[in-house]
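2 protein chains.
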Amino acid sequence: MSVGKLFVISAPSGTGKTTLLKRVMAKIPGLSFSVSHTTRPPRPGERNGADYHFVSKPEFLKMIDRGLFLEHAEVHSNLYGTSRAAIDQQCKAGIDVILDIDVQGASILRRTGQVKARYIFISPPSIMELEKRLRGRKTESEEMITMRLANARTELLAIKDYEYLVINDLLDDTVDLLSSIIVAERARSHRFPSGRAIGNILHS
Amino acid sequence: MSVGKLFVISAPSGTGKTTLLKRVMAKIPGLSFSVSHTTRPPRPGERNGADYHFVSKPEFLKMIDRGLFLEHAEVHSNLYGTSRAAIDQQCKAGIDVILDIDVQGASILRRTGQVKARYIFISPPSIMELEKRLRGRKTESEEMITMRLANARTELLAIKDYEYLVINDLLDDTVDLLSSIIVAERARSHRFPSGRAIGNILHS
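Protein sequence lines, in the order shown, are assigned to chains A and B. Under the working numbering, the first residue of the first sequence carries the number 1, and numbering increases by one thereafter. Under the working numbering, the first residue of the second sequence carries the number 1, and numbering increases by one thereafter.
Among the clues, some could well be false.
Said to hold, decoys possible - List time: in silico SDA-like cross-link candidates among lysine to any residue, alpha-carbon distance up to 25 Å:
id, chain 1, residue 1, chain 2, residue 2
1, B, 116, A, 189
2, A, 160, B, 202
3, B, 22, A, 183
4, A, 160, B, 146
5, A, 17, B, 22
No lab work stands behind these hints, which were simulated from the structure alone.
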């Protein structure tokens, strides 16, 4: 059995990443979602353990002390972290894992060199369109929208550090493209210990 | 406009590559096929200029002398070659090009370092299945089948030099997978000069 692969996916807030990932997860078998920890309060409809592990700040700080996070970062005044255990378990079981973290978290993860992953950036088609989507949410204050747009401008500068750039214009097309990337990655030869792949073909 | 990308695709004879490539070409826009030159006689149904440029051995040798080939090789006692001009023109026009060459040709191309390409290996699910497909063609002598199977065993050892391994078991699935690889490659960030990609998103 081959080991699962890790896909690190970042997108500016409001890009439509959550909807996109749910659609891709439903479409592709053998793919799971790494649930992050956060100290931010749940948004309407978000469930603990499914969207995030929602924890208090003291709990989060204790987890940092115990070295349980692969990476953690502060974003919009809240703490976010990726626990090492969840990813390890799934990858060892041969399941590909999607890790949804922001640009800052991805940058830390990359620098630690602790995991091998493919980095995918999901971008809005334009800043104007992003603003429209953020306002459409009707959950954000004017101040939050201004902050998120400013953050998005900064985050876009990180595209160069990602291996794939997926522009989320029409959702159906984006679902197809992201699915294609994951499926194609499974066919990349380094997934197949070459001797075994050849052996299977020659002797079956 | 971005420059087209080159996909080098190799498969043991009888793997079903020709049918596969025709289906993928029909499915994906902006993709063309580099037509190779060969001195082997056309098979039933093959058209000059579409499947191959069929040329005489003296013509082929003259082209070698004039340096017109990116690579050329002798396979099954026939000469095969890839002319530099066809690929250059299409890539410059922003069209992705599929170059269908054998393992030996791909190896030469890789070593020359003259072109940047993605290398994809199409494999039969097994040698037994390959033999079945070769017999199914009803165009090959027993001697030819034996030679092609022996060659296939050698060619499989080259899988390790390819970036992607696509096992052609069920044709529909293989068409989807190869299409996914090409579409995913188009989203790989090095295709987007980063400054421009970011500029487009920020200022539109």
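Comparing the hints with the structure gives:
1. B/116 - A/189: holds, 18 Å
2. A/160 - B/202: holds, 15 Å
3. B/22 - A/183: This hinted pair holds, its Cα atoms lying about 21 Å apart.
4. A/160 - B/146: violated, 50 Å
5. A/17 - B/22: It is violated: about 34 Å lies between the C-alpha atoms, which goes past 25 Å.
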